[in-house]
Amino acid sequence: QVQLVESGGGVVQPGRSLRLSCAASGFTFSFFGMHWVRQAPGKGLEWVAIISYDGSIKYHADSVKGRFTISRDNSKKTMYLQMNSLRAEDTAVYYCAKGLGYCTSNRCPSPWDYYYYMEVWGEGTTVTVSS
Amino acid sequence: DIQLTQSPSFLSASVGDRVTITCRASQDIGNYLAWYQQKPGKAPNFLIYAASTLHSGVPSRFSGSGSGTEFTLTISSLQPEDFATYYCQQLKSYPMCSFGQGTKLEIK
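Chains as they are written, first to last, in the working numbering: chain A, 1 to 131; chain B, 132 to 239.
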């Protein structure tokens with residue numbers, strides 16, 4: 001079955017870096033766009049970033065732009081979130097999610113919005129930024 | 132920025148009740164809206180997309196409607212497993228997207 005497993009979370013001091021990973025299985029990873037979404041303790045969901053099926057297109061939320069970078073390695077069926085210059089307000093559970101829309105080779109037949117609907121989610125990894 | 136406001140923020144209901152959650156957008160977002168369910172300590176589950184299309188495997192007691200600035204998620208007959216927090220998501224602010232603040236559905 002489709003599965004996403006996040007890893008790499010932990011406790012880190014402000015200003016330091018951390019890299020999260022999202023390992024995918026049960027589907028053709030290279031066909032689908034992927035997202036990172038976070039949830040601060042007791043708060044709602046916040047979209048963080050999206051990466052296209054081939055890694056050529058990336059967008060980040062304004063709150064993390066210039067500090068976080070999304071990437072992927074399709075040969076390893078893994079997505080990453082490199083987080084630099086971490087702040088206390090980055091403390092959250094970080095989820096990876098698979099988009100509903102798909103692409104094959106260089107053809108993307110799904111309506112554009114389908115890439116933003118998050119069909120499957122991992123269980124999350126916790127990042128705590130504290131001195 | 133497009134703001135999504137869900138109402139109510141908290142809702143108390145009983146098994147078998149029909150409940151409706153509203154999501155209002157600060158500007159016209161067409162039908163670019165999804166709904167998710169999240170239980171405590173768990174990842175969100177995908178319920179509805181394009182405002183009214185039920186995702187595969189989601190029980191038919193869930194339904195979505197609306198367009199423009201006002202949307203609703205309706206559960207026709209609450210089941211014990213439906214008590215959770217529900218979030219709407221808008222895509223009109225492409226290439227970004229955002230979520231509503233959530234509606235917590237509790238057992239009365």
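Calculated from the structure, these hints are not laboratory results.
It should be emphasised that the depicted structure is a prediction, and the values quoted were computed from it without experimental measurement.
Treat the hints with care, as some may be off.
[What the hints assert, rightly or not] Some chain B residues judged to face chain A by a derived CB distance under 8 Å, without partners named:
#1 V150
#2 P175
#3 A181
Glycine residues also receive a C-beta, built at the ideal position from the N, C-alpha and C atoms.
Results of checking the hints against the structure:
The beta carbon of B/V150 comes no nearer than 19 Å to any beta carbon in chain A, farther than 8 Å, and the hint placing it at the interface is violated. Look at B/P175: its Cβ gets to within about 6 Å of chain A, closer than 8 Å, so that hint holds up. The criterion of a C-beta within 8 Å of any C-beta in chain A is met by B/A181, whose closest approach is roughly 7 Å, and the hint holds.
The structure shown violates just one earlier hint, number 1.
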